[in-house]
Amino acid sequence: MPTDTSPGLVIEIAGVTKTFAGVRALHDVDFTLKRGEIHALVGENGAGKSTLIKVLTGIHSPDGGRVTRNGRISTIYQEVNLVPLMSVAANLFLGREPRNRLGLIDRARRDTEAKELLQSYGITADVRSPLGTLAVGEQQMVALARAVEADADVVIMDEPTSSLEPREVETLLEVVRRLHESGIAIIYVSHRLDELYRICDTVTVLRDGVSVHSGPLAELPRIELISLMLGRSVNEIQKHGTTAFGEGHHADTRPVLEALDLTSKPRINNIDVSIRPGEVVGLAGLLGSGRTETAKAIIGALPLDRGTVLVAGKPVPRNVKAATRAGISMLAEDRKTEGIIPNLSVRENIVLAALPRLSRFGVISRARQDRIVDAFVKRLRIKVSSPEQKVAELSGGNQQKVLLARWLCTEPKILLLDEPTRGIDVGAKAEVQALIDELAKEGLAVLLISSELDELLDGADRLIVLRDGEVAGELEGAQLTREHVLTAIAAEVMDDADSHQNSH
Amino acid sequence: MTLTATRTATRTRWLQDNGVYVAVVALLLFNALFTANFLTAGNFRTQLVQAAPVLIVALGMALVIGTEGVDLSVGAVMALAAAIIPLYLGAGPLTAILMALTIGLAAGAFNGFLVAKVGIQPIVATLALLVGGRGLALVIADGQLVQLHDPAFLALGTDDLLGIPISVLIAGVLALTVAAVTNRTTFGRQLVAVGGNRKAATLAGLPVDRVLIGVYTICGVLAAVSGVLATSRLAASDPADMGLLMELSAITAVVVGGTPLTGGKVRVLGTVMGVVLMQLVRATLIKHNLPDSLAQMIQAAIIVAAVYVARERR
Amino acid sequence: MTTLTKATRTKVLQRQGAAVALIVMVAVSWLVFPRFGSLDNLRDLALQGSFLAVIALGMTFVIITGGIDLSVGSLYALGGVLAAWGSQYGFLAALTLPLLVCGAIGLINGLLIARTNMAPFIVTLASLLFARGLLLAITDEGATTYQIPPDSAFVELGRGTVFGFGYPIFIAAALAVVGGLVLNRTTFGQNVFATGGAEQSAVLLGVPVARTKILVYTTSGTLAGLAGALTAAYLQSGVTVIGVGTELDAIAVVVIGGTLLTGGMGTVLGTVIGVGLIKVIQNVINQIGTLDSNYQSVVSGVFLLIVVVLQRVLRR
Chain H
43 MPTDTSPGLV IEIAGVTKTF AGVRALHDVD FTLKRGEIHA LVGENGAGKS TLIKVLTGIH
103 SPDGGRVTRN GRISTIYQEV NLVPLMSVAA NLFLGREPRN RLGLIDRARR DTEAKELLQS
163 YGITADVRSP LGTLAVGEQQ MVALARAVEA DADVVIMDEP TSSLEPREVE TLLEVVRRLH
223 ESGIAIIYVS HRLDELYRIC DTVTVLRDGV SVHSGPLAEL PRIELISLML GRSVNEIQKH
283 GTTAFGEGHH ADTRPVLEAL DLTSKPRINN IDVSIRPGEV VGLAGLLGSG RTETAKAIIG
343 ALPLDRGTVL VAGKPVPRNV KAATRAGISM LAEDRKTEGI IPNLSVRENI VLAALPRLSR
403 FGVISRARQD RIVDAFVKRL RIKVSSPEQK VAELSGGNQQ KVLLARWLCT EPKILLLDEP
463 TRGIDVGAKA EVQALIDELA KEGLAVLLIS SELDELLDGA DRLIVLRDGE VAGELEGAQL
523 TREHVLTAIA AEVMDDADSH QNSH
Chain S
-12 MTLTATRTAT RTRWLQDNGV YVAVVALLLF NALFTANFLT AGNFRTQLVQ AAPVLIVALG
48 MALVIGTEGV DLSVGAVMAL AAAIIPLYLG AGPLTAILMA LTIGLAAGAF NGFLVAKVGI
108 QPIVATLALL VGGRGLALVI ADGQLVQLHD PAFLALGTDD LLGIPISVLI AGVLALTVAA
168 VTNRTTFGRQ LVAVGGNRKA ATLAGLPVDR VLIGVYTICG VLAAVSGVLA TSRLAASDPA
228 DMGLLMELSA ITAVVVGGTP LTGGKVRVLG TVMGVVLMQL VRATLIKHNL PDSLAQMIQA
288 AIIVAAVYVA RERR
Chain R
74 MTTLTKATRT KVLQRQGAAV ALIVMVAVSW LVFPRFGSLD NLRDLALQGS FLAVIALGMT
134 FVIITGGIDL SVGSLYALGG VLAAWGSQYG FLAALTLPLL VCGAIGLING LLIARTNMAP
194 FIVTLASLLF ARGLLLAITD EGATTYQIPP DSAFVELGRG TVFGFGYPIF IAAALAVVGG
254 LVLNRTTFGQ NVFATGGAEQ SAVLLGVPVA RTKILVYTTS GTLAGLAGAL TAAYLQSGVT
314 VIGVGTELDA IAVVVIGGTL LTGGMGTVLG TVIGVGLIKV IQNVINQIGT LDSNYQSVVS
374 GVFLLIVVVL QRVLRR
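Protein chains in written order, with our numbering: chain H, 43 to 546; chain S, -12 to 301; chain R, 74 to 389.
This is chain H alone, in the form it adopts within the complex (with noise of 0.2 Å):
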C-alpha cells in the first residue's frame, strides 16, 4: 500500500536492500525523485541500475527498507518492447482502443489519433504499417509515446538513446524537455554524459548496489562523475590494498594481432588494436562506448561493415570457426547465456572446444581428456568435488575459470577477455587476474576489458581508450594513470562542459 510521500515527492524509498541468492543488488539505497525533476541514474553494469528500477516499479519487493509512490510510473526500456508485426496505431493503443457505437474497435480514429499524436513526436511515419519496418529509434519513440499518453506522473527511460542516431537523439531529447515542462518527472538512465548534463537537474550514482553519490548535476564536474562510476568497489578497498597484478610484462616483436579499421555502424567506428606476444592490452571506456562490440568484431561474431583482422600478418576469414581455428579465442561477457553450457559437467566444458583434436575419427579419448582437464583444475585452481560435477553448480568465480581452462586448451595466441572478473568473489577476482598476468608472461598476447579502471590500469601494458564507438586514445608506460584515462574518456566531454556552465 504506497503511504504519501513527503509533499512535492513523487518517488522516495529510504535503505532499501535487496538480494539474489546471495548477491547482494542493492544495499541501503535512498532515492528521491521531486516533481518534475529530471533524475539522471547512472552506473556500470551490474551497479543495481536495473535492479533500483525494479524496485521503483514494483516488479520487486525489497528485502529491507521504505519505497513511497505518489503518481503513476510508466517505463520504457532499451529493448524496444512493443510488438513489431502490429501496427504503429495498434501498438500505441494496444488495451485502450477508440470503439466506436457497436463496441468494434474504431480504426480511423485510432489511426487519425495515433497519427496527430506521433506528429509531435516527430515521427511521420505511416501509422497502419508494422511497427517493425520503422527505424529502432522511432520505435522507442512510439514506446515513450505510448508510456506518456497512460498518463503517467513518473516515466522511467531506461537507456532510450543506445540505439538511437544523433538526430533522433535531439527528438528525444526535445520530448523529454516537453514532459518535463508539463510537470512530468523523469528518471533518466544513461551513461552518455553529454545527454545527462544537457537535460538532467539531479544525478544519483550507483556502484556495487551502493548509492555512492546523489546531488544536483550542474555542481559535479564530469572527471568526478567518471571517477565516482569506475571506482574501486567499495568491498574490496576494505578488504585487499590492491590487484593481484604484477609488474608489466615486456611484450617483444611484431604484434600477433592486427585488426584494422573496425566498422559496424553505429556501434563501433575505425577501431584498430594490436597486440604483441607478451602483451596485455586494456580497452576502457564507459558501458556501450563499443568494448565489448571490438571484442566480437575480432573473433567473427559481429557482422563488420569493414575491417580487417590479421593473425601473424595472415588475414583471418570473418567467422568464429576461422577465428578459432587461427588463435583467437574469447571468454564472453556474460558466462551464462554465452559460455557455459549447464547441464554438461566440468570436463565437458573445458575440453567443448579442444574436441577435435583430443579424439581419433570422431572418438574422444577420455583418457587424453582426463589428462588436460586434471591439468587444468590443478592449474587453475579450480574447486570442484569431481571434474564430472554439473558446471552450473560451481561458483562464478570457478565458471569464469572453467571457460579460461575451455580456451586454454585450445592452445590460443590470442586472449579475448571480457570483463573476466565481474560477479565473481573477491578472492577468485584476485586469482583471475594473477593468472591473465601468468598467461601474457608465457607470451600470450590477451586483450583485457573491464569497467574497473583499477584492474586496466593495474593489469594492462597499454590501454586503447574507447569513447562512443571510436578510439579516444591509447595511454603506455608514464601515461597510464587514472587522471589521463579519466582525461581521455572526459575530453569532448570536458569542452562541452564549459559551453553548459556558461549557458546557466
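Hint data in this document are derived by calculation from the structure and do not stem from the laboratory.
Keep in mind the model is a prediction, meaning the values are calculated, not measured.
Glycine included, every Cβ here is placed at the ideal spot set by N, Cα and C.
Treat the hints with caution; some may be incorrect.
Below are the DSSO-like pairs computed for lysine-lysine, each with C-alpha atoms no more than 27 Å apart in a straight line [said to hold, decoys possible]:
id	chain 1	residue 1	chain 2	residue 2
1	H	Lys455	H	Lys96
2	H	Lys432	S	Lys186
3	S	Lys104	S	Lys186
4	H	Lys455	S	Lys186
5	H	Lys363	H	Lys425
6	H	Lys420	H	Lys378
7	H	Lys356	H	Lys483
8	H	Lys432	H	Lys363
9	S	Lys104	S	Lys274
10	H	Lys483	H	Lys425
11	S	Lys274	S	Lys186
12	H	Lys483	H	Lys432
13	H	Lys455	H	Lys363
14	H	Lys356	H	Lys378
15	H	Lys378	S	Lys104
16	H	Lys76	S	Lys252
17	H	Lys378	S	Lys274
18	H	Lys455	H	Lys378
19	H	Lys363	S	Lys274
20	H	Lys378	S	Lys186
21	H	Lys356	H	Lys307
22	H	Lys363	S	Lys252
23	H	Lys432	H	Lys420
24	S	Lys186	H	Lys307
25	S	Lys186	H	Lys425
26	H	Lys157	H	Lys96
27	H	Lys96	H	Lys76
28	S	Lys252	H	Lys425
29	H	Lys455	H	Lys483
30	H	Lys483	H	Lys420
31	H	Lys455	H	Lys420
32	S	Lys104	H	Lys432
33	H	Lys356	H	Lys425
Just so you have them, the derived chain S footprint on chain H, three or more residues with Cβ under 8 Å [what the hints assert, rightly or not]:
id	segment
34	360 to 371
35	376 to 382
36	404 to 415
Given chain H, work out where chains S and R should sit, using these hints.
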C-alpha cells in the same frame, strides 16, 4: 527458497531422472502378480518385437530433442520407406532396403537443411514433410496395400538370430551405437552442447550447422529403418497406416525417459526404458481386457502427466 | 516508378500470393475442364470447403497466438459422432452436445498450455489421442455408426439449401465474417496478435496472455466440434473414420493463406482463400480422374514448404 520448496524441487528432479525406472519396475511387479501368462518367454518376445520399431524411431528423436529440436515427420518417413520397398524388392531385398534408407536419409537431410541453413523452427520445418510425406508415400504406392512375399525380406521380421528376434537385435545394437555416439564421440558432445546453449556453442567455434544437419539425417535414417522392419513384420507395405502417430509415441518415450524438450541432454537408456514403459502400459491395458478406447484415453493422460513432470522449471 | 522495398514485397507476397494462385487455378481449371465451371460443381466445391473452413478459422486464431492445435481432426470426428448420437434427443441436443464436449476439450488444451507452459504441439497431440479414444468409447470401439433420423430438423442444417447452395456454406461465411471482425476490431483480437507477436512484450504491455491462449484453444475445439456436427447433418450419420489428418489440412490452408506459422500475423480472409485453393486443387485432381487423390496432400505439403521458406527468407 524455503526448506519445503527445496525438498519439493529435489523430489521433482529425482522423479524426472528416475521416475521411468520406478514405473517400469512397478508395472512389471503388478503384471507378474495380477496378469495371467505374463512371465512367459513368449509374452516377453511379443512385447519386445512390438516395441522395437518405436525404440528405433525414439533413438533418433532423442538426438533431435537433445539439440532443442523436434522431428514431426518420422511417421511420414516410415510410410515413405514402406512405400519404396515393393518397388525395388524385385532387385533383391538388399537393394530395396538400401533404397528405403536412402529416402530416409534424404528426408532427414532436407529437414536438417531447413533447420540449420534456412533457419526455420524445427517444428515448422518438419511439419511440411508431415503434411505431404504420407500423401507422397500413398502416391508412390498408388494408395494400395501391397502384400510382400520375398522370403529373405520377410525373415527380417520373423526370424531369430542367437535366439533373439532380428528386429529386437537390430534395435538393441542401434541403442548401443547411439549411446556410444552420444557419450563417446565429438559429434555426440557437440550435439548436446548445441542443445544446451547454442550461442555459447557458436562462440566456442563448434560446427553448429553440420551438427544439426547430421542429427536430423540420423533421425530420418532411423525412421526409415523402423519403417523397413515394421513392413517386414507386417509382410505388407501399408503406407496409409504405417507409422501413424509415431511422432507422438517417439516423443513421449523420449520425454518419459528423462530427456527434456528444452535440449542439452540425451538419455539413451532412459529412452529405451521410456519405450518399454509405454509398451508395458499398453500391454497391461490390453491384457486386462480394457477396450482400445479406454486404453487410448489413459495413454493420453499418461503422456500429459509425464510431460508435465518432465517440463523444465522456470 | 519506384522500386518495391523488401517490406512491401513481403507484404504483397503474403497478402496476395494465395489469392493470385487461387485466381490462376480457377481460370485454368475453367478453361481446361468443362465440368469445373458448372454450377453443380461449384456448389459442391463450396460445400466441401465450408467444413474445412470452420475448422481452419479456429486454427487461424491459434496459430496467430504462436501455437498449434493438432487435436482438431479428432475433435471434428468426435463432434460428428456426438451430433448423430444426440440427434435422437432433438435438434438442440444434436447441436449443443458436440459444441460443449469439443469446447471442453479445447478448454483443457488451453488451460494446460497457458498455465503449465507445456508445448502446444504435445498437449494437442495427446488430446488428439484422447478424443479418438472417446469417440471409440461411444461407438462400441467404432462398430456403431449412429444414424440421424431423416425427418430430424438437424438434417436440414446440413442438407438445406438456398439457391442450391447448402446451409453450411452460409454458416461458414457468417463465422468467417464474425471471426474477421473479432480478430481485427476487438481488444481480444488485438491481444491475439500481441500474444503471438512478442509474448514477453505483451505481458509488459498488460495483455492477458494466459486468458487469450485459453480462449483461442477453446474456440478452436468448439469450431472443430461444430464442423463435425455440420458434416454429420450433411451425411445423416456420425461417421467414425473421418478426420484423420484433417488437422494437417487445416494448418496447411492457414499457412498458405499467409498466416505466419510462428505467430503474430495473419488474416481470416487469407485462410478462406487457402481453403479455396486446396479445395480447387482437390477438385481438379478428381476431374483428371487418373490421378491419385493423395496428390492433394502432397501439393499441400509443397505449398506449405514454399510459403514457410519464403516467409523466412523474405524476412531476413
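Hints versus structure:
| no. | hint | verdict |
| --- | --- | --- |
| 1 | Lys455/H / Lys96/H | 42 Å, violated |
| 2 | Lys432/H / Lys186/S | 19 Å, holds |
| 3 | Lys104/S / Lys186/S | 16 Å, holds |
| 4 | Lys455/H / Lys186/S | 23 Å, holds |
| 5 | Lys363/H / Lys425/H | 30 Å, violated |
| 6 | Lys420/H / Lys378/H | 24 Å, holds |
| 7 | Lys356/H / Lys483/H | 24 Å, holds |
| 8 | Lys432/H / Lys363/H | 26 Å, holds |
| 9 | Lys104/S / Lys274/S | 48 Å, violated |
| 10 | Lys483/H / Lys425/H | 24 Å, holds |
| 11 | Lys274/S / Lys186/S | 49 Å, violated |
| 12 | Lys483/H / Lys432/H | 32 Å, violated |
| 13 | Lys455/H / Lys363/H | 15 Å, holds |
| 14 | Lys356/H / Lys378/H | 33 Å, violated |
| 15 | Lys378/H / Lys104/S | 26 Å, holds |
| 16 | Lys76/H / Lys252/S | 52 Å, violated |
| 17 | Lys378/H / Lys274/S | 50 Å, violated |
| 18 | Lys455/H / Lys378/H | 25 Å, holds |
| 19 | Lys363/H / Lys274/S | 56 Å, violated |
| 20 | Lys378/H / Lys186/S | 10 Å, holds |
| 21 | Lys356/H / Lys307/H | 25 Å, holds |
| 22 | Lys363/H / Lys252/S | 24 Å, holds |
| 23 | Lys432/H / Lys420/H | 18 Å, holds |
| 24 | Lys186/S / Lys307/H | 22 Å, holds |
| 25 | Lys186/S / Lys425/H | 26 Å, holds |
| 26 | Lys157/H / Lys96/H | 32 Å, violated |
| 27 | Lys96/H / Lys76/H | 19 Å, holds |
| 28 | Lys252/S / Lys425/H | 24 Å, holds |
| 29 | Lys455/H / Lys483/H | 12 Å, holds |
| 30 | Lys483/H / Lys420/H | 19 Å, holds |
| 31 | Lys455/H / Lys420/H | 22 Å, holds |
| 32 | Lys104/S / Lys432/H | 31 Å, violated |
| 33 | Lys356/H / Lys425/H | 39 Å, violated |
| 34 | 360 to 371 | holds (count 5) |
| 35 | 376 to 382 | holds (count 4) |
| 36 | 404 to 415 | holds (count 4) |
In this structure, the hints that do not hold are numbers 1, 5, 9, 11, 12, 14, 16, 17, 19, 26, 32, 33, in rising order.
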